[in-house]
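Enquirer: Can you make the complete structure from the sequences, with help from the hints?
2 protein chains.
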Amino acid sequence: MKRRTFLKVAGLKGAAVASAVTSVAAPAIAQSSPEIRWRLTSSFPKSLDTIFGTAQTFARYVAEATDNKFQIQTFGGGELIPGLQALDAVSNGSIEMAQTPLYFYIGKEPTFAYATGVAFGMNHRHQHSWWNFGGGAAIINEALAPMKTHAILCGNSGTQMGGWFRKEIKTVDDLKGLKFRIGGLGGHILARLGVVPQQLAGGDVYPALEKGTIDATEFVGPYDDEKLGFHKIAKHYYYPGFWEGGAMLHMVVGQEKWASLPKHYQAIVNNAAAAAGTWMLEKYDSVNPAALKRLIAGGAELKAFPQPVMEACYKATQDHLSELAAKSALFRKAKDSHDAYMKETMFYTQIAENFYDNWLLAQMRKG
Amino acid sequence: MKRRTFLKVAGLKGAAVASAVTSVAAPAIAQSSPEIRWRLTSSFPKSLDTIFGTAQTFARYVAEATDNKFQIQTFGGGELIPGLQALDAVSNGSIEMAQTPLYFYIGKEPTFAYATGVAFGMNHRHQHSWWNFGGGAAIINEALAPMKTHAILCGNSGTQMGGWFRKEIKTVDDLKGLKFRIGGLGGHILARLGVVPQQLAGGDVYPALEKGTIDATEFVGPYDDEKLGFHKIAKHYYYPGFWEGGAMLHMVVGQEKWASLPKHYQAIVNNAAAAAGTWMLEKYDSVNPAALKRLIAGGAELKAFPQPVMEACYKATQDHLSELAAKSALFRKAKDSHDAYMKETMFYTQIAENFYDNWLLAQMRKG
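Protein chains in written order, with our numbering: chain A, 1 to 367; chain B, 1 to 367.
Rather than coming from a laboratory, the hints here were simulated on the basis of the structure.
Be aware that a few hints might be false.
Heads up, the list lumps identical chains together, so a pair's fine if it works in one copy or across two of them.
Simulated crosslink set (DSS-like; lysine-lysine; CA at most 25 Å straight-line) [to be verified]:
no.	residue 1	residue 2
1	Lys69	Lys263
2	Lys227	Lys303
3	Lys170	Lys366
4	Lys263	Lys46
5	Lys46	Lys315
6	Lys227	Lys257
7	Lys303	Lys366
8	Lys167	Lys303
9	Lys232	Lys263
10	Lys232	Lys69
11	Lys303	Lys343
Expert: Put into structure tokens, the structure is as follows:
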């Protein structure tokens, strides 16, 4: 409080007063809004201009809000650090920050599945409510604490597409032996139905699909999928990407680095992350519709997964998540919290939001 | 650049160096992050802790991000300025900022209907995409320019409930002569079907409903409605509130006051508004489900508007909006932009997001 009074006096009355307070005021100011440079590694390539663009937008918002004093330089996956090692790099202090989907790290801690999204889990809107008002952030940050990091919510893809398949999926049996590029828990769940999940980095997927090393691949949604050209090889474009209801994305930051920031820089980072997060979904909604139309015009055949396939996957999901919950108290805590919150939000959403959407969609289909 | 170098030197080397740069550095600093106090009037009472809480959250975020240098004091509707005069007060410079739904002011400019939301219009998610990526902000700010103000998006209610009715609405004929407390364009549209729309401030609604001066009232959603106790008098609780798909809320700021802010304060305000906006919907989703359950337990009878009523209202809406578009080029510009964007976003949402939501709701209903 005293410091601010000093500054005001100095600013209003000029040099004569200022000289009297210099030895206190000048160092205090330099400390209060210091020049800081951080680096941020993304798990995504720069070509994904919506996902990576979210990291760039976040960094720009932070710079603008600090009069360019706090600069965060953004790097694409692999530029400094491989995409799948982003969390480790933040954890060991090699880099200050990462934009990374936490379910990449379920090998370390299965609970991270709930940080991004689980199969048949909450949609983007309910996930964000859970994160900030339902205890989600506290549970995930408990899981991150041993890695001396914490996560700041920054964006969501919304419900994704189910991906590109060389052959039609007509029955549950068609999943048997299917070499499907899908990572994380979604892969583990589909493996219960005979799928052979493949982990491949973004750039390797197209050639693998072309050569027939894999039969199918999921990615994100029309706008991102189109860039990778999957429709030229695998024309059956399925929906929805049920292995996550919405994919929450986070900025992960090292606790020690975080503590070194002035409190108002921390506030600026939190606000910038929320603002860049809204940018992400708004941008996707602005580009996905036209991309989907171009894909269809280019030969993509749009198909919903058949009901028996959805049901078998739903059952496999419940079994798999229950097994994991039986093995880990933290996973169970996340699952119980998520499931209870989902039940509540779904109960309400069907009354107003979903009814309204469905009614209008029916009206639009009538013409 | 030079200024920042000075500060760094002063901060690192202490008083000896600082004394040499004082007369330049101190005033420059005071200017770069000045102490500013603004006042914000809301159109809502403080008792609506989610809507008014969004204004408080916004002000808190701004204060935290500026180390308390930029303080925005929040006032409930009527404390300084009546709720319906918030825009005027900002326009004439009586106050720096207002939290107000712009469709309060369709009497000045009908285009403001699209700033908040029109009947059978886009849902909250698509509205926000339109605002930032579809030209929405530019059109509404064009409409605000004669009032020397501009609007910053800050929150949304999501789809609202249809409100409380003393008697059941079974047919379109039941709307004839119905004294319904509903403001703005929604009221004008329903008047085409015989409704007698009533404009009443929040505090006057309950007694009017009790005395039978009005037959029905709409408000927001379960959490806010419960506080006002409408279910004690009018037990038929209808959904959805089709007179707006989602209600965008804005912070309206005077252009001159805005221009007087340092650029990084402007950035801080924009980020804080986006962040507080996400807070609002997340908060609503965290409290509406339980409130709805309590209302049902307290005797509320939940009902969807009958299909013929919805269809008649849809038709009346299209007629009404088309008539307004024929009279005003700016209204037509907003309508064309909104409608085209809605068509695109609805086309895509049905594929992934809506399919996923519907599938899960069906699954949950099965148990």
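Enquirer: Hints first: check each against the structure and report whether it holds.
Expert: Now the hints, each set against the structure:
1. Taking the shortest alpha-carbon separations for Lys69 and Lys263, both the intra-copy value of 14 Å and the inter-copy value of 13 Å come in at or below 25 Å.
2. Proximity of Lys227 and Lys303 under a CA criterion of 25 Å is satisfied intra-copy only: 20 Å inside one chain copy versus 46 Å between copies.
3. In this homomeric assembly, Lys170 and Lys366 come within 25 Å of each other (Cα to Cα) only across copies, at 24 Å, whereas the closest approach inside a single copy is 28 Å.
4. For a Cα distance limit of 25 Å, the shortest separation of Lys263 from Lys46 qualifies neither inside one copy, at 31 Å, nor across copies, at 28 Å.
5. For the homomeric pair Lys46 and Lys315, neither the shortest alpha-carbon distance inside one copy (37 Å) nor that between copies (47 Å) is at most 25 Å.
6. Taking identical chains as interchangeable, the C-alpha atoms of Lys227 and Lys257 are never at most 25 Å apart, the minima being 36 Å within one chain and 44 Å between chains.
7. Both within a single protomer and between protomers do Lys303 and Lys366 lie at most 25 Å apart by alpha-carbon distance, with minima of 21 Å and 24 Å respectively.
8. For the homomeric pair Lys167 and Lys303, the shortest alpha-carbon distance inside one copy (12 Å) is at most 25 Å, but the shortest distance between copies (45 Å) is not.
9. For the homomeric pair Lys232 and Lys263, neither the shortest alpha-carbon distance inside one copy (51 Å) nor that between copies (47 Å) is at most 25 Å.
10. Neither within a single protomer nor between protomers do Lys232 and Lys69 lie at most 25 Å apart by alpha-carbon distance, with minima of 46 Å and 56 Å respectively.
11. Proximity of Lys303 to Lys343 under the C-alpha cut-off of 25 Å is restricted to the inter-copy arrangement: shortest distance 20 Å between copies versus 28 Å within a copy.
Consistency note: the structure conflicts with the earlier hints numbered 4, 5, 6, 9, 10.
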